[in-house]
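Undergrad: Take a look at the letters that make up each chain.
There are 2 protein chains.
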Amino acid sequence: MSLQSALLQLTKGGPEQQAIDAGEIDAIVDYSSSNVILFPAARRALHASGSSLLAALPGAEYRQLLVGLEPVTLKLGQVLHEPAVPIRYIYFPVGCVVSLMTTVADGKAVEVGLVGYEGIVGLALGLGAAASSVRAVVAASGAALRIEAARFRSTLPQCPSLQQELYRHTDAMLAQARQTIACNCFHLSDARLARWLLMTSDRAQSQELFLTQSFLATMLGLRRVTVTEIAGRLWRRKLISCGRGRIRILDRPGLEAAACRCYSRIERQQLSG
Amino acid sequence: MSLQSALLQLTKGGPEQQAIDAGEIDAIVDYSSSNVILFPAARRALHASGSSLLAALPGAEYRQLLVGLEPVTLKLGQVLHEPAVPIRYIYFPVGCVVSLMTTVADGKAVEVGLVGYEGIVGLALGLGAAASSVRAVVAASGAALRIEAARFRSTLPQCPSLQQELYRHTDAMLAQARQTIACNCFHLSDARLARWLLMTSDRAQSQELFLTQSFLATMLGLRRVTVTEIAGRLWRRKLISCGRGRIRILDRPGLEAAACRCYSRIERQQLSG
DNA sequence: ACCCGTATGTTCGGCATCGTACACAACGCG
DNA sequence: CGCGTTGTGTACGATGCCGAACATACGGGT
Numbered sequence: 101m102s103l104q105s106a107l108l109q110l111t112k113g114g115p116e117q118q119a120i121d122a123g124e125i126d127a128i129v130d131y132s133s134s135n136v137i138l139f140p141a142a143r144r145a146l147h148a149s150g151s152s153l154l155a156a157l158p159g160a161e162y163r164q165l166l167v168g169l170e171p172v173t174l175k176l177g178q179v180l181h182e183p184a185v186p187i188r189y190i191y192f193p194v195g196c197v198v199s200l201m202t203t204v205a206d207g208k209a210v211e212v213g214l215v216g217y218e219g220i221v222g223l224a225l226g227l228g229a230a231a232s233s234v235r236a237v238v239a240a241s242g243a244a245l246r247i248e249a250a251r252f253r254s255t256l257p258q259c260p261s262l263q264q265e266l267y268r269h270t271d272a273m274l275a276q277a278r279q280t281i282a283c284n285c286f287h288l289s290d291a292r293l294a295r296w297l298l299m300t301s302d303r304a305q306s307q308e309l310f311l312t313q314s315f316l317a318t319m320l321g322l323r324r325v326t327v328t329e330i331a332g333r334l335w336r337r338k339l340i341s342c343g344r345g346r347i348r349i350l351d352r353p354g355l356e357a358a359a360c361r362c363y364s365r366i367e368r369q370q371l372s373g
Numbered sequence: 101m102s103l104q105s106a107l108l109q110l111t112k113g114g115p116e117q118q119a120i121d122a123g124e125i126d127a128i129v130d131y132s133s134s135n136v137i138l139f140p141a142a143r144r145a146l147h148a149s150g151s152s153l154l155a156a157l158p159g160a161e162y163r164q165l166l167v168g169l170e171p172v173t174l175k176l177g178q179v180l181h182e183p184a185v186p187i188r189y190i191y192f193p194v195g196c197v198v199s200l201m202t203t204v205a206d207g208k209a210v211e212v213g214l215v216g217y218e219g220i221v222g223l224a225l226g227l228g229a230a231a232s233s234v235r236a237v238v239a240a241s242g243a244a245l246r247i248e249a250a251r252f253r254s255t256l257p258q259c260p261s262l263q264q265e266l267y268r269h270t271d272a273m274l275a276q277a278r279q280t281i282a283c284n285c286f287h288l289s290d291a292r293l294a295r296w297l298l299m300t301s302d303r304a305q306s307q308e309l310f311l312t313q314s315f316l317a318t319m320l321g322l323r324r325v326t327v328t329e330i331a332g333r334l335w336r337r338k339l340i341s342c343g344r345g346r347i348r349i350l351d352r353p354g355l356e357a358a359a360c361r362c363y364s365r366i367e368r369q370q371l372s373g
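One line per chain: the protein sequences are A and B, in this order.
Note that the first sequence covers residues 101 to 373 in this note's numbering.
Note that the second sequence covers residues 101 to 373 in this note's numbering.
To be clear, the hints were calculated from the coordinates, so they are not data collected in a lab.
Treat the hints loosely; a few may be bogus.
Copies of one chain are not kept apart here, so a pair can be met inside one copy or by any two copies together.
[Claimed, not checked] List of simulated lysine to any residue pairs, SDA-like, C-alpha gap at most 20 Å: (1) K208 x S364; (2) K338 x E367; (3) K208 x S289; (4) K208 x R361; (5) K175 x K208; (6) K208 x R323; (7) K175 x L322; (8) K208 x A184; (9) K338 x A156; (10) K175 x S241; (11) K175 x G345; (12) K175 x R352.
Work the whole structure out from these sequences, hints included.
TA: Laid out in structure tokens, this is it:
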């Protein structure tokens, strides 16, 4: 999938047309499932070291869940679930980063949550809903473990620790969304962009992110032009370097100083467990 | 408590000084407890018709919870819990409306959630946390039922329906926060203010709200002056009327048209149950 | 009846971000 | 190698909201 079609995925489909073409989604998901890694060794490696949420589970629950888990590779721009459409798979990111987007009535969208190895994509299912209220889009390619929705739903009641982790993560996502409200309200775009780079970098566990400035603009609800200007400023300050579809963090402490303190506040709650 | 001291409650206490004076909070809470209504009849009336969340519980759980519930009257500006401070009581609003506020590093705060008869104040406790990440402030005076935190925590595991309602409400609050992010990002202040009036009016079940424009400004993260200007515009359009510490909705359909569609989207999810 | 605290109304310059348009540069493919 | 596609850089006016300062009006208490 090209960057452009990825962006199309991001922006198409307003709230008035939530009954989107299910076939299209399936196609994307099927595309990812063709990348399934079948080697048990890889599966175990992914599982044990990858998801801090799964790693926190006791052995019994871990094994019970493992049966239904399937490793997949997710690519930038892939849509994992759409708002108001029943969730098919729950994803536990391992190396990928997933962005949650909410739309407004005229179709514009903005990121409202960021999930990595510490979390779950498809939380709503664990809270008893069949569908999420947001779109989940892959913001950094990488591996994930997924489980079918029905299977997850039937396993969850037998796994108290998984439940506990899920609720803890829900609390963290709630705090993340709420901090984002305050941050968007009071802080300048420069600080917000710096925060986004840091948060995504933390979850991708890499100083280099492969995405376009258009993508970034969509995430932050800014114009592409604004992102270019900010990136230029940060680059002149030697905090980052930019290429074509590539952003690298050069000076992490410097970037943290340029970001607002919402960064540390969110990460403390989110990545602490 | 005067409106001014209420506003002081709202704005004092930045994130750097989260270890606020516990004595002061206790004083406020004790003030409310002096207004406890002791008549069993009133208690029953409050319980049955007031909280749609409690009303959805089956008889057995209802009665089990009832033992610990205590009716209180909450006044504008009262702080029910502070971020990072252990929650003492869970509140089920009946006639009051409670606003959840998040602060940023420099102490400024903005509303990130609105709770009425449909919800719970102190959700974090139900998710396994001891403290919330937000401040809960009364935005419209009225009655509520409260229960001690420890008691709630011990009762919850025995009440599957209560758990289910709690998780359903958590999902709704998450959706509310996320929709607020998008709304603040894309919609003009006029529409946001209209939305706030409608949402608060729905929860207070009254066309008249008793609060100052300063209070409203704090909630929306705007200047008081901006609120005055917007209120003037809405008033000229005969949608609302304003008095000193009083706002009345005159033309509800008109105000809904002036608000963004985030209003109906949030209310559909939140008040549907 | 008066006064003072409190709430509301008005003005002014500043500026971050927007929408739009256009130019340039890198990569991929025939 | 040339060409179209895609990503990045620059310019310009418009505007919504901000910060600050000041003016007015309501209303309860002495």
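Undergrad: Against this structure, judge whether each hint is valid.
TA: Structure-based check of all given hints:
no., hint, in the structure
1, K208 x S364, "between (28 Å within a copy, 17 Å between copies)"
2, K338 x E367, "neither (24 Å within a copy, 46 Å between copies)"
3, K208 x S289, "both (18 Å within a copy, 17 Å between copies)"
4, K208 x R361, "between (27 Å within a copy, 13 Å between copies)"
5, K175 x K208, "neither (22 Å within a copy, 39 Å between copies)"
6, K208 x R323, "within (12 Å within a copy, 26 Å between copies)"
7, K175 x L322, "neither (23 Å within a copy, 40 Å between copies)"
8, K208 x A184, "within (17 Å within a copy, 34 Å between copies)"
9, K338 x A156, "neither (38 Å within a copy, 57 Å between copies)"
10, K175 x S241, "within (4 Å within a copy, 50 Å between copies)"
11, K175 x G345, "within (14 Å within a copy, 54 Å between copies)"
12, K175 x R352, "neither (26 Å within a copy, 46 Å between copies)"
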